[in-house]
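Participant: Take a look at the letters that make up each chain.
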Amino acid sequence: MSVSFPYTYYACSCADNTSTQEKRVSQEPQSAQDEDERTFDPRSRRSNFSLYPIEHLLYCTECHEMRCPRCVTEEVICWYCPNCLFEAPSSTIKQEGHRCSRNCFNCPICTSPLSVNSLEQPDPPPDDKPANKFGGPYILHCPYCAWSTLDIGITFPRPSNITGQLAKTLNGGLPRPPRDRKPSSSLKRSDPPTTHHLDDLPSPTSDTSTSSSPEPPSARTPDPQDRYHHLLAFYKHQLSTSDAALLPGTTSTSASELGPGSPSSIARLLHMYGSSIRSRAPESGPSPMREAATPEEGLLIYDAAAEAADDATIRAMQTTAWDTHASVSQRLDATNRHARAVDDLRPISPLLRTKRAKRCGACRQILAKPEGKVTSVRSKIKLLALQNLPKLSIKPLASPSTMPPPGTSAAGRPTSTLLTTFSSPTLALPALSPSSPFALRPLTTTHYLLTLTNPLYDSIRVHLAAPSALRGRHGAGSRVTILCPQFEVGANTDRRKKGERERVEKVRREEAFWTVLGVGRIVGL
Amino acid sequence: MSETKRVSISAPQGTPSEGRRTSTTAASRQSLAAKRQSLNFPKAPTVIDPSAIVSTHAILTGLHPITIGPDVVLHPYCKISSVEGPVTIGRGCIVAERAVVGFTTETAAQGDSALKERDVTLNRNVVVGTSAVVEAKVVDEGCLVGAGCHLKGGSNVGKYCKIAPMVIVQPDEWIYDFMVVYGQNARRRDMTMITNKDTVFALKKEEHEQHLAVLKRLIPSNLTKWQ
Ligand SMILES: [Zn+2]
Ligand SMILES: [Zn+2]
Ligand SMILES: [Zn+2]
Ligand SMILES: [Zn+2]
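In the order they appear, the protein sequences are chains P and U.
For reference, each letter of the first sequence is one residue, going 110 to 634 in my numbering.
For reference, each letter of the second sequence is one residue, going 1469 to 1695 in my numbering.
It cannot be assumed that every hint is accurate.
To be verified - Here are the simulated SDA-like cross-link-like pairs (lysine to any residue), alpha carbons at most 25 Å apart as the crow flies:
no. : chain 1 : residue 1 : chain 2 : residue 2
1   : P       : 500       : P       : 117
2   : P       : 478       : P       : 497
3   : U       : 1547      : U       : 1658
4   : U       : 1627      : P       : 252
5   : U       : 1627      : U       : 1654
6   : U       : 1605      : U       : 1589
7   : P       : 500       : P       : 576
8   : U       : 1672      : P       : 281
9   : U       : 1673      : P       : 266
10  : U       : 1673      : P       : 262
11  : U       : 1665      : P       : 576
12  : U       : 1673      : P       : 227
13  : U       : 1665      : P       : 265
14  : U       : 1665      : P       : 225
15  : U       : 1627      : P       : 226
16  : U       : 1665      : P       : 478
17  : U       : 1605      : U       : 1535
To be verified - Away from chain P, derived, C-beta distances all over 10 Å, residues of chain U:
no. : residue
18  : 1592
19  : 1651
20  : 1668
Hints were generated in silico from the structure; no laboratory data involved.
Just so you know, even glycine gets a beta-carbon here, dropped at the ideal spot from N, CA and C.
Between the sequences and the hints, there should be enough to build the whole structure, so can you do that?
Facilitator: Given below as structure tokens:
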């Protein structure tokens, strides 16, 4: 459904009655008055955020208001992997993060899902043992762009638990050196110890950790994954131990207290700036935590070695071919953010997706709730604006003879049609496609037909109004004449059996679902 | 008598349309026959290896010679057109249904009229996907042309290339050996193939042979139609 020129958008009123707006009313009565007096202008930039096609809108049956994406709150019902469609329990999300930890991977080159392929040689095919056919080393292979983990020198001995096997292997096939779980324990690396400028600084130690003399970190840039795990361990450690010992007021003579990131310094700063901040009870908030201060804790230090590494990277980029460099889009994923060359890329585990329920922002009533099953696309609850608000559609009228007689509708719904006339003066319409036969043209009168469809079982009375002259880019200066400004649309006469009606409703709901999928949001009028 | 005979001509055995066809009236049968007549393309001069599988519903048309090598599989409703120049299909190629190999009168009219040589050659073990159009001068050994691709006239595709589905290769383009063309005309070298020649080649060969074996069992061949 592409939005061509005559279309209808619905303005959600939530932009005007949010709490911030009310607060502003009390603070700035002058400007608030201005806002109140101003009628809704669909052309102002602000209106872009409150105009929606009716298919995007929900309806709260408690508040009797339409609800747009801005004024609903969402809550996650379940997390699932888009590749394998397995639901991930929320406890797993908290522990292992929001990526699929099963055998799902996406291609780092083209993002299509990778498949696990066997590399076993077909040369000795024992005819009596067909079951043993797919043995041997396995690779992840992209069926679209033909990338495989062979490109980065990784094969897997087993076809299951690829995630675990991949985590233990570096690009090139070497096993990843075992990492230390505890940030305070010294790193056991085989690299020769090098001097480090941090050694000259006072050794950052915290009171509770048993950290002692700073270990010389390795000269090469630490593996990003290692660094991430160091940081993770550091923060977990901080969370578990940063209690009373680190709170301000405790006497502490540690060197870390002198650093600008230490909790006591932060407390001192808070004390200096403004009593309002200090007046809040410090006990109620989370305990202050210091930042990572050493490479063991995940700090990445820019030093001479890193500079040399950068120079080497730049030299390599100058001498190697274009297609050996990872593109920006390939580096966008967090897994590959550090990668410079195509050889540094790693398979990406897909991000999990969520199914969400939608609640009314004002009264917390559930407006939409998808079924809990991952594979189902149906909804348990879906209160659509389409079922509760009159639907307006505007069509250009080619000639008056083609106007359908009013009151007819395919669905048996009462509709009311009326004629709206635009007579356009001198200005041309640059934004409209010239191919459109119904675009407004200067000095010609164009007829439009506005159709209202009433889904309710009560009749409605409609008053139409339009500005006498249009403003904005489209049809500026055009005059609008509404030929029938007041009329009534009869009640929905679709008094079929309940079951049958529900079936119709269901079909309609699914239609709406697909329309919402197919429509991109068009900003602006 | 004539009823059953017509059925056997119009539909291959076992298709679900068989029952429907037998119940058609004489009038509709006649119109069907007329339609069939209009669909009859002029037969091209062909040289087909006896081991090739050419379906009854494959279309081989044109005035220039068409050469089909051993173990080639031409699916039903694929079209080999030698209207503008000779077409050669090498050993072990597979042309899927609704794919077109060679210039047809329509594509030749749209394309570059200055293009002199309009012959099309598929070398060994090329797989042409569903509804792809191949007008390339040469598609070399082991290439995979994805579904809906269009290799325009005068282009050359090297060995073991992969043209991903729906890709359009422009006229006179050269695609070098082991290239993968995908997405919005993105290219990359298939390092998996280049760096692991022995392993991956053997696997690909095995896979292709299995593919051929399966198709040979499934597609009834009708070589007599073209000789
Ligand atoms: Zn809203
Ligand atoms: Zn998954
Ligand atoms: Zn890929
Ligand atoms: Zn509500």
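Participant: Verify the proposed pairing of residue 1605 (chain U) with residue 1589 (chain U), using a straight-line Cα cut of 25 Å.
Facilitator: 6 Å, holds
Participant: Are residue 1673 (chain U) and residue 227 (chain P) close enough, with their CA atoms no more than 25 Å apart?
Facilitator: Between residue 1673 (chain U) and residue 227 (chain P) the Cα gap is close to 15 Å, so the pair holds against 25 Å.
Participant: Between the alpha carbons of residue 1665 (chain U) and residue 576 (chain P), is the straight-line distance 25 Å or under?
Facilitator: 73 Å, violated
Participant: Take the C-alpha atoms of residue 478 (chain P) and residue 497 (chain P), compute the straight-line distance between them, and say whether it is at most 25 Å.
Facilitator: It holds: about 18 Å lies between the C-alpha atoms, which stays within 25 Å.
Participant: Would you check the hint for residue 1605 (chain U) and residue 1535 (chain U), treating anything up to 25 Å between C-alpha atoms as holding?
Facilitator: Roughly 15 Å separates the two Cα atoms, so the pair holds.
Participant: If I take the minimum Cβ distance from residue 1668 (chain U) to any residue of chain P, is it greater than 10 Å?
Facilitator: 8 Å, violated
Participant: Does residue 262 (chain P) lie within 25 Å of residue 1673 (chain U) when you go C-alpha to C-alpha?
Facilitator: Between residue 1673 (chain U) and residue 262 (chain P) the Cα gap is close to 22 Å, so the pair holds against 25 Å.
Participant: Between the alpha carbons of residue 1627 (chain U) and residue 226 (chain P), is the straight-line distance 25 Å or under?
Facilitator: 23 Å, holds
Participant: Far enough from chain P: is every CB of that chain over 10 Å from the CB of residue 1592 (chain U)?
Facilitator: The assertion about residue 1592 (chain U) holds, with a minimum of 18 Å to chain P.
Participant: Is the straight-line distance between the alpha-carbon of residue 500 (chain P) and that of residue 576 (chain P) 25 Å or less?
Facilitator: Given that 25 Å is the threshold and the Cα spacing comes to 21 Å, the pair holds.
Participant: Given the hint that residue 1672 (chain U) pairs with residue 281 (chain P), test it: the Cα-Cα distance must not exceed 25 Å.
Facilitator: 24 Å, holds
Participant: Does residue 1654 (chain U) sit within 25 Å of residue 1627 (chain U), going by the straight-line distance between their CA atoms?
Facilitator: Given pair residue 1627 (chain U), residue 1654 (chain U) holds - Cα atoms ~18 Å apart, limit 25 Å.
Hints 3, 11, 16, 19 and 20 from the earlier list are contradicted by this structure; the remaining hints agree with it.
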